[in-house]
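Enquirer: One-letter residues, chain by chain:
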Amino acid sequence: MNSSKPVIIHIDMDAFFASVEQQANPELRGKPVIVCGDSGDRGVVAAASYEARRFGVRSAMPIREAKRLCPRVILVKGRHSYYGEISKRLLELYRNYTPSVEPFSIDEAFLNVAGCERLYGSPENIAYMIKAKVKNCFGLTCSAGIAPNKFLAKMASNMNKPDGLTIIQSDNIKTTIWPLPIRRLYGVGEKTARVLKSLGINTIGEMAEMPIELFIEKLGETGRVLHNLACGIDNSPVDPNIWDIPKSIGHETTLREDSLNIDTILIHILSLSQQVGRRLRQQGLLGRTIMIKLRYSNFATLTRANTFPHFTCLDEDIYETAKNLFISAWDHLRKIRLIGVTVTNLSAKDDFMRQLALFEKDKRRERVTAAIDNLRNKFGENAVTRASLIKPGTKSKGGGVIES
Amino acid sequence: MSDKEPVDGHKAISCDRELLVKAVGTVYRAVSTRSTLPILQGMLIETSDQGLHLVGTDLELSIETYIPCTSSGEFKMVLPARYFTEIVRRLPKKEVIIDYNPEKRVAIISSGRAIYEINSMDPREYPLFPEVPDTSWWKVPGIKFADFIKGTVFCAAMEETRPFLTGVFMEFGKEGVKLVATDSFRLALINTSLTDGAPIETNKGLLVSARTLNEVARIVQSFDGEVGVYASENQVAFKCEDTNVVSRLIEGQFPNYSRVIPEEYSTLALIERETLLESVDRVSIMGKDEFGTMRLSIVDDVLTVSANAPEVGKAEDQIAIEKVSGPNGEIALKARYLMDVLKVLEDEKISLKLTGTVSPVIIDQAGVESGEPKEFLYLIMPVTLNV
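Chains A and B are the protein sequences, given in the same order.
Note that our numbering gives residue 218 to position 218 of the first sequence, counting from 1, and the numbers run on in steps of one.
Note that our numbering gives residue 718 to position 314 of the second sequence, counting from 1, and the numbers run on in steps of one.
Keep in mind that the hints were calculated from the coordinates and are not lab data.
Accuracy of the hints is not assured; some may be wrong.
[What the hints assert, rightly or not] Anything over 12 Å on all C-beta distances counts as not near chain A; from chain B, calculated: (1) Lys426; (2) Thr440; (3) Pro442; (4) Thr474; (5) Glu490; (6) Arg494; (7) Glu563; (8) Asp587; (9) Ser588; (10) Arg652; (11) Glu655; (12) Tyr661; (13) Glu682; (14) Glu750; (15) Ile784.
[What the hints assert, rightly or not] What follows is a set of in silico ranges between Cβ atoms, one per label pair, in the way DEER data are often shown: (16) B:Tyr487 with A:Ala329: 21 to 31 Å; (17) B:Val716 with A:Ala348: 51 to 61 Å; (18) B:Ser701 with A:Asp263: 50 to 60 Å; (19) A:Asn96 with B:Asp744: 54 to 64 Å; (20) B:Ser670 with A:Tyr82: 48 to 58 Å; (21) B:Gly629 with A:Asp258: 56 to 66 Å.
[Stated by the list, open to error] Residues of chain A clear of chain B, computed beta-carbon distances all greater than 12 Å: (22) Lys67; (23) Glu221; (24) Phe308; (25) Arg365.
For glycine and all other residues, C-beta sits at the position ideal for the given N, C-alpha and C.
Bound-form chain B, shown alone (with noise of 0.2 Å):
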């Protein structure tokens, strides 16, 4: 930062209004609010040779972005992170002005003719924005990136006991990207042939937090350009545009997954998804409790979903199967899990296959032409009585 000095002592930029809310909202998330260090509920906001520079972190999760702005001076300042999006919120104008008085350490925002002063903790005291690892692991184009992780995260762990299942493990190979998540009672598997990017070394594997994946997804969703993976050692960085995403990578040994993944089945449905959604849903009601256990039994070309709370009473429904081979069969898990499946995928049918009472129900593809570049395969492990 040069020693350049305004006139009247005060530095201030002009930026856009909608693009400032954008930036505020996208920084935000990695703001902890609640932190016991002061400091780390502020937001960075520093001009640049990029423009305005917004950071917020806690630390684990640390996120940048860039806005243009028109600039006759320069600061860096850390204002209380929840105050300051919610005056942009509400600014009144499309043009945006902040000041800056470093005697006062003071902020002035100002729009049409409301005006804020808002004072700044001392920037000195921010922590360093971790570096941004170069080694380039991945290109993928935001938007399918944003599905893939909306296609696996949900069935990370969320109890902190065992954190090397709290995030999405993305195993890079030849033939393309998986990315796999577990809590050890279900698992996603998205397989993608997208493999532009780095010379990708044979099986190598990032562990990311669902939580830093989240805020990925949700910032790169309406993207159609591409999106960069980067890694380093312990560190982990998404490159969307002008905006950075860089979190540790979680610490600890994904399990061996493929080993859990049965090779075979014995009866395989092909169902509407929509229909075996909406009949879950129907029947659910009569689970226990959110957690509440159903049974699926497939007799011939017939799917009956039924479920029975012995306090309260009992549910049955049956659906069509549009294709059926194999034996008769019989399964009982736990709804949500399956309602989870059904909700998160969009194809209009999906193969759902028995493999046996105590091991799991494959949910995948099989059958059904998609055309999309990626693979899905979901596993449930059934509930049983008297183990």
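Next up, chain A with everything else stripped away, as it sits in the complex (with noise of 0.2 Å):
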């Protein structure tokens, strides 16, 4: 069926966190919203909405600055299980037109369309239909970018945000993106950027003017994809089993004010064990590498990690390391801003070499677990929590650290 050459859609939400709140909540729409993390004014923003960008809010920009830039803004605690779930729910209907999905965000997502055209007619009317289903079915819009490949869809999604469509044509590759500043060429950060700057670079079209033996000279093999992603040519196909096992399954946390509190800091490394634990489990998946993060109020982060002879998705495995990698760490000077536990050299459960063990009190843990994750799926994530979780005369929320 994609024998043919390929005709990829490139869909990408338009401010999807934000778009996703309004609609849940219809007296936010039509206002300049910001979602942020669990750390409220101290954190940074996750998304805004199109009312709050007018004011030059971006994402990533400290709650603060977003504030000061739009006072009338208004905060919206993000909730990431319900937009993952609404963007599984995407996919789904993407599903509908071709079986080749690639998620490549929790809000975007690559189509190859090829040889669907017989069923549902040109891309573009496939891209009409989809965007058209979004705005039904979940009352959001999205952008989606239409070209021969992954690079040049996701170049055009985003040329007429938002609810716009775009097609990419080999043929106007010099009208269409040659023009465009370098830095908006995917792959160029900063570094990059000042590099090629120095090179008398600063448009896509430059880049793709001069000869790639320059750039692997100077850039090694990014060099040589950069100089190809600026000709337009992409060839990596749209693969949808590529999220199947992730590199890495991590939460983080910023505390509500710099600490120097070891029992509080504890209670988040085992908060964030459990959350971690928990997903790797709900997504079928054993790691061995622990790894902590820790900022500094001076923003100084250091990392520490520690392999584990064995895999494991015990909230205790990992809480044991992680509390072991910070106490080896800290100097119990620096106060401490953010935290995070990170489970990384990941394997599928299903393909996986299992070491076996001498006692049962493995596999009671093992079900003692599960048992816990039967009731948070029936009864939500905080139907049970360690009694170290729970503050006195609060309520508990959110499976993390409940305070009052």
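From the two separate chains plus the hints, produce the assembled complex.
Expert: Okay, here's the thing in structure tokens:
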């Protein structure tokens, strides 16, 4: 079916988190809204509605800065599992048109619709149908880009946001992407941009017109890839299974206030470990390397990791390791601002060589964990939690640290 | 300590450098140089009726030892252990003079024409040496004891998730003493008929941390005489000549290990230990990583050892089995677990017993005459696919 030349549609939701919130709560519609993390004022903007963007509010901007730019902005606490759920349903919608759907992030996906024309008409027609369906079913808008490869499709979807539909053909890249500043090229960050600017390159077109050897010499393999992209060449296939095994699963949290209190910090580590463990198990994964991330008040950040002899997905194993890493890494002097717990070196449970254990005890730990997971699946994340995560006189919420 | 003061206010002793170096080295193992309590980074050095008394502790493990000295005074000081250790190692002459000025709280260490002055910490801050339990549990020749420890301790768990697996369980019964260690994936059991010591209550056990036993093994490994094992409710002590090691017992219940030792096996292969070790070592190169898996398969009288790392390649080796009984069989296990066992043994031959693909491999001495008052048994749980 897909033996013909690929036709890629890239779909990018418009201000996804903020739009979802506006859709869920009519009072937020038409108003500047930003979605933030658990740390509220101390965190950064996770997403801004188009109304807020008009004031100059951008993702990853500190909340305080956003408030200064737009004092009327409404702060909404992010609900990532909810966005994840919608994201999953969106992917199902796309799969009605082609089996070749590659999720790219929570709000983006690539679709290869080559060979679907007989069923659904031209790629342009398919994109319109999807946009209309998304609008009808979810009340959300998205921007679509159509092109012969993933890179160009992604560039295209970004050209007429929001609610756009843009087509790039191999023969019109000179007029579409070449005039764009080099920083817009996928994969060019601040550092690379600086290197390229030092070569006198300011636009994507200027890069494409220089010999590839120059970039290989300056940037190595990255240089080759970037030059190809600038020329509109990208042979990466749409891979529906690409995300089957993530590289890592992690959570991090910014403390309400910078802390020197080891008990507080350990409770956060416990809570993060539980969240990570739960996600590993939900995705049927096991991991072997446990990593912690610490950020001090002065924003200096350090990570420490430890590799287990065996794969695990149990909260206790993750917590004990994270705790020990923290204890040996921390000097008790520098205030902690942020803590993260990540498990990497992941393997799917199914295709896994498993070390058997001698004692029932290990099986019992697994069974206890499975029972707790079942309760949470049925009654919500707060149906069961550890006593140490509850503060007196407060209501439980979020499976995280419960604070008054 | 008496109030006797030498004339010049200094309090000096003289001792032998080699004895001092050895004593300091022994005691230093219990000093936690990274302790947050500065006093614990020190070593207590004091005169006593039994000679010069040296102590190190991290509150979990405490080691004390005595060496002979001629004294013309009495003192008690706490010197930074790292400096003191480095100093005594470098002293030039056989005779070492240790002098102490209590007013300045300074130790003066001299040998030949080399002289060091080193500030003492406040000895009153130093923790009391834990009471050495007086109930005797066992008397065992030092060399043998070190051998038993080395034969089991490597199977103890490293990670602190389950503290009760981080030690060796010493179980005392009428027929002998058993030492058992397991990290739940493998198990070591040494059964010895050496039962000297106190009246042994049947099936009582001590759970001693691997770290403590490693230190004990280091101290007693070349000691011909008997080491005494003493214990109280929560402490265990090992006495070897002039050295005492005292440690807290690990709390918690050691698992019921006898339940997991299979009573039957299907296939038994008698193999030369060295040959198998070399073969496993050869093939383990192709293990995925340090935790790599290998396959052992017994077909008639040939044992095939093989490993397969899809992204690297394959390896295979074959060795002759001296004696085989039972059907052909195959098992996958972690190469390192097998190597650990083969390395710690000194026996010329061992038996490898298969009990099934999801039950442990047994390594023991079945059909081997050893003449030693010990029996060993190791279990290694296999690795399986898709469970």
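Enquirer: Checking the smallest CB distance to chain A, is Arg494 (chain B) really beyond 12 Å?
Expert: holds (31 Å)
Enquirer: Report holds if the minimum CB distance from Glu750 (chain B) to chain A is greater than 12 Å, and violated otherwise.
Expert: Glu750 (chain B) is indeed farther than 12 Å from all Cβ atoms of chain A, at 25 Å.
Enquirer: Taking the shortest Cβ-to-Cβ distance between Glu682 (chain B) and chain A, state whether it exceeds 12 Å.
Expert: holds (24 Å)
Enquirer: Beyond 12 Å on every Cβ pair: is that true for Glu490 (chain B) relative to chain A?
Expert: holds (25 Å)
Enquirer: Over 12 Å from every CB of chain B: does Glu221 (chain A) meet that, or does the non-interface label fail?
Expert: holds (20 Å)
Enquirer: The output says Thr474 (chain B) does not contact chain A. Does that hold with a beta carbon cutoff of 12 Å?
Expert: Non-interface label on Thr474 (chain B) holds, nearest chain A Cβ at 45 Å vs cutoff 12 Å.
Enquirer: Beyond 12 Å on every Cβ pair: is that true for Arg652 (chain B) relative to chain A?
Expert: holds (19 Å)
Enquirer: Would the non-interface assignment of Glu563 (chain B) survive a Cβ cutoff of 12 Å against chain A?
Expert: Non-interface label fails for Glu563 (chain B): nearest chain A Cβ at 7 Å, not farther than 12 Å.
Enquirer: So Thr440 (chain B) supposedly isn't at the interface. Is its beta-carbon more than 12 Å from every beta-carbon in chain A?
Expert: violated (8 Å)
Enquirer: Non-interface claim for Lys67 (chain A): all C-beta distances to chain B beyond 12 Å?
Expert: Consistent with the label, Lys67 (chain A) stays out of reach of chain B, its closest Cβ about 42 Å off (over 12 Å).
Enquirer: Range first: 51 to 61 Å. Now tell me if the beta carbons of Val716 (chain B) and Ala348 (chain A) are that far apart.
Expert: violated (21 Å)
Enquirer: Could one say that the CB atoms of Ser701 (chain B) and Asp263 (chain A) fall in the range 50 to 60 Å?
Expert: Once the Cβ atoms are compared, 53 Å apart, the range 50 to 60 Å for Asp263 (chain A) and Ser701 (chain B) holds.
Hints 2, 7, 8, 9, 12, 15, 17, 24 and 25, counting from the list given before, are not met by this structure.
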